[in-house]
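Student: Protein chains in written order, with the numbering used here: chain A, 126 to 443; chain B, -4 to 245.
Simulated from the structure, these hints should not be mistaken for laboratory data.
Glycine included, each C-beta is placed from N, C-alpha and C at the ideal position.
Worth double-checking, as some hints may not be accurate.
To be verified - What the simulated footprint calls covered on chain B by chain A, stretch by stretch (three residues with Cβ under 8 Å from a Cβ of chain A suffice, anywhere in the stretch; the number is not a length):
#: 1; segment: 33 to 41
#: 2; segment: 81 to 87
#: 3; segment: 91 to 105
#: 4; segment: 198 to 209
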Amino acid sequence: MNNKLTTMAPWLAYFLIFGSLIFVGGDHTIHIASQVIILGLFAIAFNVLFGTTGLLSFGQAIFYGLGAYITGMMAKSFGGDFFVWALLIAPAAAIVLSVLLGVLSLRLSDVYFTMLTLAFAQLAWGICVKWSSFTGGDDGIQAIPKPELLAGGLNYYIFSFVIVTACLYLLWRLDRSPFGSVLKGIRQNPTRISFIGMNVFRHKLLAYMISSCFTAIAGGLYAGIDKSIHPDMFVWTMSGSIILMTILGGMRSFFGPLIGVAVFILLEDEIGRATQYWSFVIGAIMITVVLLFPKGIVGISRHFARLFAKKGGQRDNP
Amino acid sequence: MTTLELRQVNKHFGGLHVSKNITMGIEQGELTAIIGPNGAGKTTLFNEITGYITPDNGGIFFNGVEITGAEPESLVKMGIVRAFQVASLFIDETVYDNLCLAALAFHGKNWNIFTNRSVYKNVEEHCRFILERLGLSGKEGLKAFELSHGDQKVLDIAIALTMKPKLLLLDEPTAGMSPDERVKMTHLIRAIHEEFKLTTIFVEHDMDMVFGIADNIRVLVYGELIAEGNAEEIQKNPAVIEAYLGHEVL
Ligand SMILES: Nc1ncnc2c1ncn2[C@@H]1O[C@H](COP(=O)(O)OP(=O)(O)OP(=O)(O)O)[C@@H](O)[C@H]1O
Ligand SMILES: [Mg+2]
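If we strip away everything but chain B, and leave its shape as in the complex, we get (with noise of 0.2 Å):
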């Protein structure tokens, strides 16, 4: 079954034309990254399909309903979520309250205006899961703003964990992580895709990444997917080695 399709998105900015009549299925339970030079389109097309920005013409599809130009708040509730490439949090908040805040959301106590907020024994219960599993327990009490830039990524993630996605969309997981921190988050994304049941896309320039745990690689050059296919096509696919100035890509 496809879980999100697109169909001859277009969007200009100004004079660029940064996606360009981009046509795209994604299959439920698939690991897809998308790669490509910078300024290639990976964020706008991110920003497209989680309704930041509206595409200028063509169609975004989730599970068959047509969500092209819906807000975001109503794609969360979907279940359309994702992770920013600069890790978008609550700056002066813990971790801990940064989690309970998306936790809050997604229980629907936002609007709740005179209870406590440590009354919630399942939200508590929600932050603590996600905190253990992302390996930020013990940090749990540390301002955002205090965090290394890498833990702050995975705080991004964390966050984005929290609203339970059906589909998840990473924009640069591992930006700005030492290569340690690279590996674990490269295998704990392909853990949690399996557990969660995700249907994930993520936009990443480092190659061992995108070669060791993408079941699909999309190339997307000056606003166009000029090719889709697994490690070993992309690979070997001459469009994409132009692309990539003529070297092989790894």
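Next up, chain A with everything else stripped away, as it sits in the complex (with noise of 0.2 Å):
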């Protein structure tokens, strides 16, 4: 009973908190949430690979561009009822890239794959750059149209909410079944792994095409927020940040990428507005959280939660 309320109190959160503010938000607010919960898909389907498998991956980027392109680029030559329709293709275009980059450098030792996702990302911002004629080149693709059900800011937010909401319902499970527990195992002992029969390369093979698979839809969604998009999504600087903002929240708790993308977007918007060294200002929080609290926000907030209750004087849960 307790423990089913432990689990489900983060969901209650992230329902009351993102649902209230269909209701309440205002523009710039709703605004800043749709990116939150885009780029929160992205970070949690980001750690399944990494806080989840121990594999890191420094070319996610590749999927979100990957799915913003097909996104942007369909919408816009077959109109903005196509929109919704590219939201599948991207997901599925993302899986077979994957499928192919994975073959690549999933059997590789962990420096060498980390690498090699880089690699293949900057590739990619590469050719999107310098193949403007097709893609846009540096300026990007803007004024993408959309369905007229989901033109103004609060129907895309409504929309992307719940499009997220599935996806991490999904991720959520894949987290609690058992092919989430063989992910855990291989991040801790990949050898046990094959001496219980299983082939760690396919399972990380499917976990690659799974985390690629929800990072497209994210890439997909954000090109409805601003109806524009660019080669930067594509850039090793957006696969770090996903690292980051993972690492702030808590790589080894489900919704600690969400949190940490939502504290990194806040504080950008806050700290923007008031003094444009606010890069300086996140550097230092970012290193007074990995120094003093290596497991994110999440691991500060459970540390106090058992202060708390030892001072209650319950027993420390095990």
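From the two separate chains plus the hints, produce the assembled complex.
Tutor: Pasting the structure below:
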């Protein structure tokens, strides 16, 4: 009973916060919230590889950019009504691409995997910038049409909220599934995984496909926020900020990455308004969190929850 | 019937010849010990049999089928399962979850992405049975890293048994255990060997255990199989006495 409550509490908080914004949020808040949930989906999908399987991809932006460009370019070519269909094609394309890249990179040792994923994403960025007749080059793509119903900021937020929630629910199921346990096992002891009869590479590949698929959905959704996309979505700083946000929030908890994204974006918004040196402030906060609380914001709150529980005379949870 | 057969197996690490022309046959239902000084190549032999490394040449056969160079995961599915000299665990998970992962793999549930793993009642029963049988009940909620050294070894063996082996390889099952734990483990291995109708090979330095429960003993020195036989034969074998620095083997 108590156990059920603790597993459901984060979901409750999620619905309370992001659901209530539908009714009380102003234009600016809705705009920020859209970014938070979409990047949050990206970060949680990334964490399937990072926190769960122990694979550091430094190039998940390739799937984010792919999703955004497929959605943006299709809507641009075939009209706004095609926008929603493109959101289905984007993840399918990401799965195909992830199989290709995964087969090339996942058999290598961890460091080489990280470097190769970075190289692939930079390559995609280069292509996107140089092949301007097809992709719009440096300028990206503007005025991406959307269906009438999704035109306003609030409507688009509700649409994104529904899709992101459905995706998070699937990823949450995955986290608690047998396959999820195998991924955690691979992180802790890949040798033992083979000696209980499972193929490490194939499980990693499926994890990579799943992570990439949901990342492309996030990218596709992003194309609709400002109706504009740009090649920077592929670039290594994009992958890098997702890694930072995930660590900031806590990579050992399912919702940790979403919390990291929310804190990061709120800080950027608040501090960015006050000073142009906001990236210094973010850097300082990052260093503090990583040095003092390697388990991220979720780790901090668990730490204080335990302290509180002890004061209340309860036994520490083993 | 011969369960495991090695024919002229050789392995070098650089200039070091760690398996020298090893030929042996292990019969179905045999409980055999491999003894030998440190660095004799016992673990290497286990690594070759279980597919962790491939011999330079020679052949390994399981129930008449050649398995030389096969992957560990396919050998596990054929029933060749091992435990490790240094317990190989999922260290942040609970004892129960360590076994559960093995049981999920055994029942082929590892590809299920969207089901909650607690729905598989047969997996749960399987884990409970192993917990009970290996005397780990009551510790199922502890994280693997919280266990004593001895219990970590027990859990390692428990994971192996969860895979329902036909051929079980135990690398120094009592290493790092207290004398009490050793005695318990020794009896447990014999009991389980019979109860699960296993063919078992174990490496061990503890001679009380070796002479106490092994049907057969094989002696490996500098990569070479120098003797084979029952306890009495081995104790009297001059080459073995020589290898153990002139001391009579107890
Ligand atoms: N992967 C490897 N690469 C190079 N040398 C190795 C490798 N594995 C083992 N060796 C060497 O081979 C020899 C045999 O090692 P092995 O671990 O098989 O011995 P062992 O009989 O199990 O010894 P112990 O009783 O100490 O466990 C040792 O000298 C060891 O250093
Ligand atoms: Mg050894």
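Student: It remains to establish, for every hint, whether it holds in the given structure.
Tutor: Going down the list of hints, with the structure as the test:
Beta-carbon proximity to chain A at under 8 Å applies to 0 residues in the segment 33 to 41 of chain B; the threshold of 3 is not reached and the given coverage is violated. Requiring three or more residues with a Cβ within less than 8 Å of a Cβ of chain A, the coverage given for the segment 81 to 87 of chain B holds, as 5 such residues are present. Given as covered by chain A, the segment 91 to 105 of chain B passes the check, having 9 residues with a CB less than 8 Å from a CB of that chain where 3 are the minimum. With 0 residues bearing a CB less than 8 Å from a CB of chain A, the segment 198 to 209 of chain B misses the requirement of three and the coverage assertion fails.
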